[in-house]
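Chains as they are written, first to last, in the numbering used here: chain Y, 4 to 107; chain X, 41 to 346.
Derived by calculation from the structure, the hints in this document are not laboratory data.
Warning: the hint list may mix true and false statements.
Unchecked claim - Calculated Cβ distances over 10 Å to all of chain X for the following chain Y residues:
| no. | residue |
| --- | --- |
| 1 | Q21 |
| 2 | V45 |
| 3 | W46 |
| 4 | G48 |
| 5 | A65 |
| 6 | E97 |
| 7 | R103 |
Said to hold, decoys possible - Derived SDA-like pairs (lysine to any residue); straight-line CA-CA distance at most 20 Å:
| no. | chain 1 | residue 1 | chain 2 | residue 2 |
| --- | --- | --- | --- | --- |
| 8 | Y | K72 | Y | E100 |
| 9 | X | K242 | X | W292 |
| 10 | X | K51 | Y | E90 |
| 11 | Y | K72 | X | E46 |
A quick note: this is a predicted structure, and the numbers were derived from the prediction, not measured.
Every residue gets a Cβ at the ideal spot worked out from N, C-alpha and C, and that includes glycine.
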Amino acid sequence: MKWDVRRIREWKFYEHPQGATILEAGNSLYYQTGSWRTFRPVWIGEKCTHCLYCFIFCPDAAVKVSKEKIAGFDYEHCKGCGICATECPREAIEMVEEQRESDR
Amino acid sequence: MASLKELSKRKEGLVAGHRLCAGCGEGIAVRQVLLAAPRPLVCAVATGCLEVSTTVYPYTSWNCSLIHTAFENAAATISGVEAAFEALKARRKIGEDFHFIAFGGDGATYDIGLQALSGALERRHRFLYVCLDNGAYMNTGIQRSGATPLGAWTTTTPVGKKEPGKLEWRKNLTAIAAAHDGTYVAQTTISHWKDLTQKVEKALSYNGPSFINILAPCPRGWRTKESQTVRIARLAVETCYWPLFEVENGKWQINFQPREKKPIEEWLKLQGRFKHLFKEENRPVIEKIQNYIDTEWEKLLALSSL
């Protein structure tokens, strides 16, 4: 069976696997939790020493790391808890309040 | 032992898009465990916050095989999986070497699943049981559990004129697990990621049962700010409320000795669930907690010097 959750609304009842088994690993990436956020972490590149503390302490795996360096945040999934900003030893992450599109 | 740089290059075990609360300690704990764990991997998760928020049909955040089990039998399920794997391996029907992890919250481990856990440890299955201790039944709305500390407010240990929160001390589950001979037992928390990942590596390379108790602060139930989760976990270690230690072949070893043992007030005052203890009439409760922690710490020091 082809498994593509993005089209689940079109599935017939017999197309759902028995026992509600989920056939694809790690597919919650299609579900976005970024809208939960009221404060957005902003990365200040000049202050960062790439110690990766924000990466290991993020509950949502929303800190992007590429080649052992911080490469910004995954704003589609970051819930804005601010642990990264609290734990950053160099204050290289700032929490900025989110604004409505119309207020910008 | 893997450094942070090495961990950052590994495949994420618990991917984004799960629905744990912002700032949840369990999310951090499970990510660290799965980053440190070798592959291939089979996990079993008991009912609890972790299960309901990471496997919402049709989505799963797990990047490995996962079985959802009932509240009480995560350890029984994973021991069945391990036994089946051993049988298939003996018949050469499976080539790879699998690792097995069961996750349970404190409700599923301290209270409901204790007999299944004890049985699995005694039968000596090769698996790791991870208890994510957030000190109450958070998923159903903060009811007291066997892990709730003395004096804490929960919805079933209300604060009033007659009672200053919970009246009993939490049970020492790590010591109960250590009473099973030949089990690798450890206690750790999310703020000390190096300690945690080392212990997971050690547990999964151990030829026998292992148990790790991880303190996972809960911003909702502990009434704390989301951003303070890791800080609170660190303070729990520094005040010796949650000492980091391991028991290997019957030998107790403390992994972190705070240079200066902080008073328990520092940890209590950050949490709304202990707010009432700072009223004048409840001061003796804080003293009681401090005394208890001091005696437990002395006991641990004595055990580790044996």
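Are all C-beta atoms of chain X more than 10 Å from that of G48(Y)? Given a closest Cβ separation of 17 Å, the condition holds.
With 10 Å as the threshold, tell me whether W46(Y) passes as away from chain X on beta-carbon distances. For W46(Y), whose nearest Cβ neighbour in chain X is about 15 Å away, the distance exceeds 10 Å, so it holds.
Straight-line Cα separation of K242(X) and W292(X) no greater than 20 Å? Given pair K242(X), W292(X) holds - Cα atoms ~15 Å apart, limit 20 Å.
A65(Y) and chain X, when compared Cβ to Cβ, separated by more than 10 Å: violated, 6 Å
Would the least Cβ to Cβ distance between V45(Y) and chain X come out above 10 Å? Given that every Cβ of chain X is farther than 10 Å from that of V45(Y), nearest at about 15 Å, it holds.
With d taken as the least Cβ-Cβ distance between Q21(Y) and chain X, does d exceed 10 Å? holds, 12 Å
Beyond 10 Å from each Cβ of chain X, as asserted for R103(Y): Label holds. Min Cβ-Cβ 20 Å, cutoff 10 Å.
Does the structure keep K72(Y) and E46(X) at a Cα separation of 20 Å or less? It holds: about 11 Å lies between the C-alpha atoms, which stays within 20 Å.
Do the alpha carbons of K51(X) and E90(Y) lie within 20 Å of each other, as the hint requires? violated, 23 Å
Taking C-beta pairs only, is E97(Y) more than 10 Å away from all of chain X? holds, 12 Å
Pairwise hint evaluation, E100(Y) against K72(Y), where the allowed Cα distance is 20 Å at most: violated, 26 Å
Going through the hint list in order, the structure does not satisfy hints 5, 8 and 10.
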